[in-house]
Amino acid sequence: MQATIVEAVNDALHTEMAADDDVVVFGEDVAESGGVFRATDELLEEFGADRVVDTPLSEIAIVGAATGLAMYGKRPVAEIQFSGFLPPAFDQLVTNASRIRWRTRGELTAPMVVRMPYGAGVRALEHHSESMEGAYAHIPGLKVVAPSTPHDTKGLLLASIRDPDPVLFMEPKRIYRSFREDVPEGDYEVPLGEAAVRREGEDVTVVSWGSMMPATLEAVEELDADAEVVDLRTISPLDTETVVESVKKTGRAVVVHEGPRSNGVGGDVVARINDEALMYLEAPVERVTGFDTPVPLLSMEDYYFPHPPRILDAIENALAV
Amino acid sequence: MTENAPTDHPANAAVSAGDPRFLTQDDLTVDTHQVVGPDGSYDADDVPDLDAEQFRDLYRWMLTDRVFSRRMVSIQRRGELGTFGSTRGQEASIIGSAYTLQPEDWLYVGRAWTPMFMRGVPMEDMILFWRGIEEGQQSFAEHNSQIAISIGSHLPLVAGLAWGMDLSGDDAVATAYLGDGATSTGAAHEAINFAGALGVPALFYCQNNQYAISLAADEQTGANTLAQKALAYGMDAIRVDGQDVLAVYEAVSEARERVREGEPVFVESVTYRLDAHTTSDDPTRYRSDEEVDAWEQHDPLERYREFLKSEGLWEDVDHDAIVDEIEAEFDAALEAANEFAEREIVEIFAHVYEEMPPELQRQYEEFVDLLDRRPEMCDFIEQRPKG
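Here the protein sequences come in this chain order: F and R.
Just so you know, my numbering puts 385 at position 259 of the first sequence, and the rest follows in order with no gaps.
Just so you know, my numbering puts 582 at position 364 of the second sequence, and the rest follows in order with no gaps.
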């Protein structure tokens, strides 16, 4: 079937709820109204009010209760309505979900998913536009996934729900409905921890993920050189090997992400390239990122996240040395 | 007046249904304070002590609230705003409460915009806010006010503001408006308990408008009322009919006086959000037309008009002329907002810190340089100073 990213989320939820009675979907406005982006549309009708639950407005309890449900053997898929509302629940991710396996030597685990739309560019209010994957990827024991295509969205979400560890599933809402592609019916997985090479090339490696992939792919089409584009898909654990092998081939690299530059995931990608492929580098690795500022309110948010000319400029810098 | 009658001992079988060893919610009787009934009737002894001009003033502000929401929804539909949350149906709840506040008070609101105008914020700046222009918030701050977007996040902050007032010995109160949904956040529980424990001049004004986006208030909590939640934190509470502007005014006035004395108060105002959560929301997905129609019959302006007529004050109110004046004020505000100067790139980078760190300065300069070298960036950036 042809599906957008948000339709692929919905399809994955329908697929896994039908396959596994232990899957429970909950969050604010997910049941009766089907989610503010309609990601959970028709789940209530199909699977009933015991398994599709509108919760009180309580991010701490949503994430904390997901952890408890998972420890008890359920497969919770919690929704945080916008990424800007996750911070109150940061404590539950850090203190409980991410370390219950470690602190009980594997006796208790938290196989759970927290889904949330992230990123700027949908003309929403303040606190509706953040890309804080760097902060969440800094939590040991938590997996962080950010798909960029409908096909990967469904396969990664199915793999995330079945994963034995907690997964923060960051959905790129700016491109929720920006394109359709063929998404297989029924069951399939895209494995966590594996990057995808979106475009093969010899001259420069461009690494990105999630909301920035379309702009990145658009930028390299304008390039007078042959770029290889790596979509990380999983931010943590990060597929170092795919990145490093590509850089060893091309000798040049650019990392593109939407969140703030300082202490962002891009810095870690650069460090891994330095660790494993420093002697292959022909030029310093470039970073194209959001600024070290809050995301501007909607009148200027379009300046904040990288656009193709900005990405292209950085790639040309990497090639110029 | 509301009578909160908590059992002081669980063995008080007179008020405790069932097993007397257990405290139950039914131990508590929470009335809803009302001055003017739905049919317009009232007891003259219950009417708050306001003069004729103040009574008319309340009506004018309620009309301002209604007209502002209508005009904002209208310009949003024309693409001139990002989104907007209408307050229609909540005018008595919003105006009756805000009318009690003094300029030295601080005000952190959820769904309540006209209180800003009552404090002197130009209407133009509220339009700028909904167009995603930070200077709107700057204007609110100049009037000791802010809008909280992340639900419940402002409540601990208001406890801190109140604490500051207490430490400084200032005669003022810190007021938080919140919704039914916000009472479920962890921040609400911590803030209300904190303010109650410290005894600081914080006023928590909860507009229970029956919905947190799609979730009905009776699904938000197992508690019979929101007002009773305050008691567990050692704070007095009052529940009031939010469609009755005089009841709201009287309850919040009295609450404010108690708060000034260092006794924080929680007010639950029972009201109804007649319009969508925001212009992005479709309420037909989660509530019936019949329910909305029933609440339309509890129009707070209509009820207050009946009161003004009974008092002989209505004949001095030229409703149509007031509407025309508010419309003209909105037109002028919209024109001024439309002429707000195009913003500079530095606005993105300014005010993150008092002094811009070198790395941020570098990011700013690189970006300005890029925009200069790559004019095609304009094809991707749709600057939207007008929302």
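For the record, the hints were derived by calculation from the structure and aren't laboratory data.
All figures in this text were calculated on a predicted structure; none of them were measured in a lab.
Check before you lean on any hint, since a few could be wrong.
[Stated by the list, open to error] Chain F stretches covered by chain R per the calculated footprint, using a threshold of three residues with CB under 8 Å from any CB of chain R:
id, region
1, 151-164
2, 184-196
3, 401-409
Think of the CB as a built atom: it goes at the ideal place given N, C-alpha and C, for glycine as much as any other residue.
Status of the hints after comparison with the structure:
1. Here the region 151-164 of chain F counts 6 residues with a CB under 8 Å from a CB of chain R, which clears the bar of 3, and the coverage holds.
2. With 4 residues carrying a beta carbon less than 8 Å from a beta carbon of chain R, the region 184-196 of chain F meets the three-residue requirement, and the given coverage holds.
3. By the rule of at least three residues with a Cβ nearer than 8 Å to a Cβ of chain R, the coverage given for the region 401-409 of chain F is violated, with 0 such residues.
In this structure, only the earlier hint numbered 3 is contradicted, and the remaining ones agree with it.
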